[in-house]
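Participant: With chain X's structure known, arrange chain D on it following the hints.
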Amino acid sequence: MALIFRILNTGSYLCNGEAVPLADSLVGKDLRGDPVVKAAVLAAEAATSALSIIQKETFGTIAVSSGGCISHLARVIDGVRQRQPRPGYFVRGGPQTIATYVAMALGFHGPTFTMTGGREALSEAFRFSSYLIKAGLANQICIVVADQLTQPEGAAAIIIDNEIAAGIQLKLVPEIFSNSFPAEPLAGILSLTYAFQELIQASQSSTFNSLTMEPSAGATISSSKFYVVPKS
Amino acid sequence: MESFVVFADALTCLGSGKQLWHQLINGRCGLSPASEVFPEWFKDNQTMIGTLGNISEEMPRLPVILNRLAEEIWPPFFEECDLVIAGSSLGDLSGQNAGHPDRALQEFLSQTSPTMASKLRVVSSACSSGTDVLSLASLLVNGGDADVVAVMAVDSLDPGKLAQHVALKTQSPTRARPFDKQRNGTSFGEGGAVMMVANRRGLDKLQVTPLAKVAGVGFSCDALDITLPDETGWWPSKALLRALEILEPGTTEIGYINAHGSGTLANDRMEAKALALAFGDQLQNSLISSTKGAVGHLLGATGLVEAVFTVWSLLHQEVPSTVGLELLDEELVLPVVPEGSAVPRKLLAALSATFGFGGVNSAVVFTMV
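Protein chains in written order, with the numbering used here: chain X, 47 to 278; chain D, 23 to 391.
Please note that a few of the clues may not be correct.
[Said to hold, decoys possible] Below are the PhoX-like pairs computed for lysine-lysine, each with C-alpha atoms no more than 25 Å apart in a straight line:
(1) D:Lys141 x X:Lys217
(2) X:Lys75 x X:Lys180
(3) D:Lys141 x X:Lys180
[To be verified] Examples of chain D residues lying across from chain X (beta carbon under 7 Å, computed):
(4) Gly117
(5) Ala120
(6) Gly121
(7) Asp124
(8) Val145
(9) Ser147
(10) Asp154
(11) Val230
(12) Ser242
(13) Ala245
By construction, these hints were calculated from the structure, which means they are not laboratory data. For glycine and all other residues, C-beta sits at the position ideal for the given N, C-alpha and C.
For reference, chain X alone in the conformation it holds in the complex:
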């Protein structure tokens, strides 16, 4: 069964080694001093900041990470080895709190959890999103993938809902649940993000909220199995 969402926006952050000034909305927020969390928050902020309608009360956050917060976790484990508890690091946990930090920084109050693993985790994040939205447990969801498997660390986020009236739709075909995503979830969501951004540019519209695109059915827009479908 194919899953169909409307893509509201995407955002990404790939560290190039230079300091990135924080958006005003993030100044003073707890970013854990962790590169993966920071990347996740910046990507999610980039994806949501331009949206005019955010239903924060039921806005879900699902993070996906293959390797988790490697450097942060190393500090916790090193403290254990030396028998010197580092509760300041420990309390901020490992990969499980990536989603929590995004939700805290951006004020999202819907379902919040992290999935660990490769392409299967990303596929399942989309499927869980579908069911959370259908059940009315979330209206909009930010799926954010963050990793530092390869330097530099990076993250990409996609904001989806189930509205199919207008806008760019994402159709995940059944084979997406097998092997269609790249092995690393970050690569998978980045290809989706880039495809979305290409569509935005092609529309020659700078305001997504006024964008209505109806490309031909089944048009493949990237090497991954992402399709654009017309509104039904």
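Facilitator: This is chain D only, laid out in the frame that chain X set:
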């Protein structure tokens, strides 16, 4: 929702299966002094913890716990599942899979059930992980994307992790006394639980009679602080309300609430407010208890373990007591069952609530079939 519980069991410091339930309803406490369990790390520390026996102080614990799950509580039709959704928090803080319980779970399934290893998905939301995996599995079978889903939650308490919680003062210097006037923190523990949920096609496939029905699930996030809960109870109450909102019309009142009841000052105060906001006057018609005084706070596994207890309560029509609760904090106006034997009660519906680090809140409602 069309999600039926077809298997439910847990492994804790009080054992598993019938033995565990017997101990619970008799008000037994399975906690032990840290000085006995981890003599090298906690030589003179009498803080109580809920660890499994016969695991050496220095070795990674999660592989041992997983093997005991397989030996003691493994469902006979596990291989029939379309998917395995597992929850954990940080897992071990030593060994090759330190901080990566997903890898430990993958290794375990690859060895014990290779055909199921590729069907494993791992979800983590700190201490809400166990409740969340059950809720997500129920949504999947309800939607028909899967007919039978196995749900696991597991976590370990190694001495390094306990040391962090001692430093944070979330671990009680004595023992967990949920909702008690003298409460001063929780007692962490370890173990796991396995549940299986199925839709009607799944029931036909397995040829089993369901134990209970998952009737509602709810999630919310405080989005306020990584350690302190929302002291108003507002956002935690949203998870409870959402679980109640999607109940089928005509569902009877919730007769039993298995509270998060960690025994920390902040949690129990917040939880009382959240329950009052969600249930209003109806709250006094329910019975509430926390099982953390008996088996400890099982970290990423706690939600699923307590969901198992909630299902068992429905099955046996008994509400376990709150071990450690002798004198209810008068600020908490809650109908809590104090320490002692279980209370027989006609139950048609019950709720299990979990409130994790970072203000990640989850609730699940079960009804009799």
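Participant: Against chain X, is Ala120 (chain D) within 7 Å by beta-carbon distance?
Facilitator: holds, 5 Å
Participant: Identify whether the interface hint at Ser147 (chain D) stands, where standing means a beta carbon of chain X within less than 7 Å of its own.
Facilitator: holds, 4 Å
Participant: Taken at face value, is the distance from the CA of Lys180 (chain X) to the CA of Lys75 (chain X) at most 25 Å?
Facilitator: Violated: Lys75 (chain X) and Lys180 (chain X) sit about 32 Å apart, past 25 Å.
Participant: Against chain X, with CB atoms and a cut of 7 Å, does the hint on Gly117 (chain D) hold up?
Facilitator: violated, 10 Å
Participant: Regarding the pair Lys141 (chain D) and Lys180 (chain X), is the alpha-carbon distance no greater than 25 Å?
Facilitator: Distance of about 23 Å is within 25 Å: holds.
Participant: Holds or violated: is the Cβ of Asp124 (chain D) closer than 7 Å to a Cβ in chain X?
Facilitator: holds, 4 Å
Participant: Given Gly121 (chain D) was flagged as interface, is its beta-carbon under 7 Å from a beta-carbon of chain X?
Facilitator: holds, 4 Å
Participant: Please check whether Val145 (chain D) passes as an interface residue: C-beta within 7 Å of a C-beta belonging to chain X.
Facilitator: holds, 5 Å
Participant: Regarding the hint that Ala245 (chain D) lies at the interface with chain X, is the smallest CB-CB distance below 7 Å?
Facilitator: holds, 5 Å
Participant: Please verify that hint: Val230 (chain D), Cβ, nearest Cβ of chain X, below 7 Å or not.
Facilitator: It is violated, given that the least Cβ distance between Val230 (chain D) and chain X is near 24 Å, above 7 Å.
Participant: Starting from Lys141 (chain D), check that the Cα of Lys217 (chain X) is at most 25 Å away, please.
Facilitator: Cα-Cα ~22 Å, so holds.
Participant: Is the shortest C-beta separation between Ser242 (chain D) and chain X less than 7 Å?
Facilitator: holds, 6 Å
Violated hints for the displayed structure, listed by number in ascending order: 2, 4 and 11.
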